[in-house]
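Engineer: Read off the chains here:
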Amino acid sequence: MKALVAMSGGVDSSVAAALMLEQGYEVVGVTLKQWEGVDGQMPLAGCCTVSDSEDARRVAAQLDIPYYVLDYVDEFTEKVVDHFGEMYAAGKTPNPCIECNRRVRFSVLLERTVALGCDVLVTGHHARIRHDDDGYHLIKAVDGTKDQSYVLHMLGQADLARVRLPIGEMPKTKVREYAAAMGLRTAAKPDSQDLCFVGEGSYRDFIRSRFPDAARPGPLVMSDGTVLAEHDGTIDFTIGQRKGLGVALGERRYVVDIDATTATVTLGTREELLAVGCVLDQVSFVAGSHPTTPEVDVKIRYRSPAVPARIEPDTGKNWRILFAEPQVAVAPGQSAVFYCGDEVLGGGVISEAVR
Amino acid sequence: MLYLDHAATTEVRPETRAAIAPFLGDLFGNPSGIHATSRQAKNALETAREQAAELIGAAHPLEVVFTGGGTEADNLAVVGAALAGGDRRAVVTTAVEHEAVLESVAFLETLGCRVDRVGVDRSGQLDINDLAGRVRADTAVVSVMAANNETGVRFPLAEIAAAVKEASPATLFHTDAVQAFISEDVTVTSTGADMISLAGHKFGGPKGVGLLYVPREVELEPVIHGGGQELGRRSGTHNVAGIVGMVAAMEATVADRAATRERVGKIRNLFEASLRAAVPTVAITAADAPRLVQHSHFRVPGIAAETLLIRLDQAGIGAAAGSACSSGAIEVSHVLAAMGIDEVAAGECVRVSFGWSSGTDDGREAAERIAAVVRELR
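Heads up: the sequence lines are chains A and B, in that order. Heads up: the first sequence at position 57 corresponds to 56 in numbering that gives the first Met the number 0, and the numbers run straight through without jumps. Heads up: the second sequence at position 218 corresponds to 217 in numbering that gives the first Met the number 0, and the numbers run straight through without jumps.
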């Protein structure tokens, strides 16, 4: 069996490659060149940059596996970065890592895996895959603090059959211990934090320069219609935000609405922020069909705990979530992911909050 | 590994290794010194220079300037000529030159020099009248490669040189003969050039050493400043071992050239015939144009070069796309773009190149093994 390991240059994917070798696979390492500077070179800082790909290359050499840099700049730009800008221009709060997984990693790269003569695609994600009589299951990582199952919710049965996630079986401390014991140069490398294509500087500056449409000034208003100020662009705001609003108010106010067509940002009270539910598009279920019971736990952000909710079909292919308790910060563009305990059932992208 | 990437670099010749060995031992001297150890090194250096001058038909040994490789020779020729040209600072070149020339002229452009890049037709060939028409009295240098590093397409240098001189007698004509030297007759007479760049490692010498043929009366602004070695044209302590090794490889290459040309040409032709027979859809780039005998540049429609090259590597075959960035990712080739080949087709192009150490059966075997990988990919 032959495994294609997507190596970012971080410790997780380095160890993933080593573990696949240990499991007896023939291993091929690849780094996706996803983004480049104006000179066509990989960016210098951040994830998937020159220094990261060099780390991946050196780890591959140490493991004595072939290693290649694959050019996905066009696909990534079109399917992830441009989409990211369009979502912001529409007043939404996108999650580009999910779109990258959906549109690049687990689509074109997964197809490529076969063309490159490999049987499985391996990544360093913290999540687990289980197989039983019912098929494949996507499960939270052993290390709950590092769990990345949220960003993998779009994977279906055919995908999971060809994907391996060895890192999800280990606590992060063990991953680092393993890397250190193997003498891998990435053992103590810090986890990446920033968006891989933004590099140094804020993503807001990045969007301003690349997608000026998402940075149109507009009115900052109270929910009763009172105009408070002019803001510098809707990209500076996300639903639920209460810091950096640019106005001094006596009491706590939150961003409760972003209307991209008029570039209007509305502030309101915590009560006005609460949503009883939301509508989702791009919904998929890991099992291939929706669960038999509508009661699920749902995560509406990467870093927020799952809360009890009901899911039901909405119009067309959309689904609707009704939270057991109203939720703050239901931001269109973010993904809502359904869980049953530790198992991912599926998810979709929030298109609108229901107040 | 069936090595089919001799155009990237080729095996070091045994003559090279033998020539270098003493200079990694007792003969370690710096040629610029007054003592016996220095004199030995200086003597070896100047002997190598005389040999090199003779091999390329230079009138005087001091017309050979040793450099740190082909890229540096190109930089010295193009940038050096434009910066030393006084009122003459314009440059004419082709759109398909190696990056060593194209980036040098782009640098000159940032300094305000006028640069003309002449295009090529679909088979990679130049319109000499078009090129000559752009050469004016204020053109410092015209740089045209002897043969393209990606496609292997050769340019008729003597004809181009004559056209350049007719358009502007004071304009210098430079050629990058880095790819051509191993199989083509490259001399001052055969090329008609005022300056010729060579790189040692392309013909069995070591990496990091090259030379520029340039007559003493040609003024060049140095691009590397320092201790004034090489008549001030290329400062830096001489890479004596590298220079001696390169010149040994030059000598062996010129001695073998006619035979290599015939043998490697047969290997390449058998490769192309076998590949066409096994994969009828294969398209060979510039098949009808004059090409170097060692190059074969082709695409299999529907199969990305990146995928094919990785599968070939897995199968123990080392081939290349024409153009790769430092990370190893394949880049869109400026050569293929200049030939009007669309991006998808360009992304399918693969270069196979044979060399002095290729085996007689390598062409047929390469074709069979590539065809096998193509069948698997379909």
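For the record, the hints were derived by calculation from the structure and aren't laboratory data. All C-beta atoms in this analysis are idealised placements derived from N, C-alpha and C, irrespective of residue type, glycine included. Some hints could be false.
What the hints assert, rightly or not - Quick list of the computed label-pair ranges, beta carbon to beta carbon:
| no. | chain 1 | residue 1 | chain 2 | residue 2 | range |
| --- | --- | --- | --- | --- | --- |
| 1 | A | 302 | B | 312 | 38 to 44 angstroms |
| 2 | B | 226 | A | 208 | 43 to 49 angstroms |
| 3 | A | 317 | B | 121 | 35 to 41 angstroms |
| 4 | B | 56 | A | 57 | 57 to 63 angstroms |
| 5 | A | 156 | B | 336 | 40 to 46 angstroms |
| 6 | B | 49 | A | 191 | 56 to 62 angstroms |
| 7 | B | 312 | A | 191 | 26 to 32 angstroms |
| 8 | B | 226 | A | 114 | 52 to 58 angstroms |
| 9 | A | 294 | B | 371 | 38 to 44 angstroms |
Engineer: Please test the hint of 43 to 49 angstroms on the beta carbon pair from residue 226 of chain B and residue 208 of chain A.
Structural biologist: holds (46 angstroms)
Engineer: Can you tell me whether the CB distance of residue 317 of chain A to residue 121 of chain B sits inside 35 to 41 angstroms?
Structural biologist: With a Cβ separation near 51 angstroms, residue 317 of chain A and residue 121 of chain B fall outside 35 to 41 angstroms, so the hint is violated.
Engineer: Regarding residue 49 of chain B and residue 191 of chain A, is the given constraint of 56 to 62 angstroms on their beta-carbon distance met?
Structural biologist: Distance hint for residue 49 of chain B, residue 191 of chain A holds at roughly 58 angstroms.
Engineer: Taking the Cβ atom of residue 156 of chain A and the Cβ atom of residue 336 of chain B, is their distance within the range 40 to 46 angstroms?
Structural biologist: Holds, since residue 156 of chain A and residue 336 of chain B (Cβ atoms, about 42 angstroms apart) stay within the stated range.
Engineer: Are residue 302 of chain A and residue 312 of chain B spaced within 38 to 44 angstroms by their CB atoms?
Structural biologist: holds (41 angstroms)
Engineer: The hint says 52 to 58 angstroms between residue 226 of chain B and residue 114 of chain A; measuring C-beta to C-beta, is that right?
Structural biologist: holds (54 angstroms)
Engineer: Given the hint of 38 to 44 angstroms, is the C-beta distance from residue 294 of chain A to residue 371 of chain B inside that range or not?
Structural biologist: violated (55 angstroms)
Engineer: Given the hint of 26 to 32 angstroms, is the C-beta distance from residue 312 of chain B to residue 191 of chain A inside that range or not?
Structural biologist: holds (29 angstroms)
Engineer: Please check whether residue 56 of chain B and residue 57 of chain A have a Cβ separation lying inside 57 to 63 angstroms.
Structural biologist: Distance hint for residue 56 of chain B, residue 57 of chain A is violated at roughly 46 angstroms.
Violation of the numbered hints given earlier is confined to hints 3, 4, 9; the remaining hints are satisfied by the structure.
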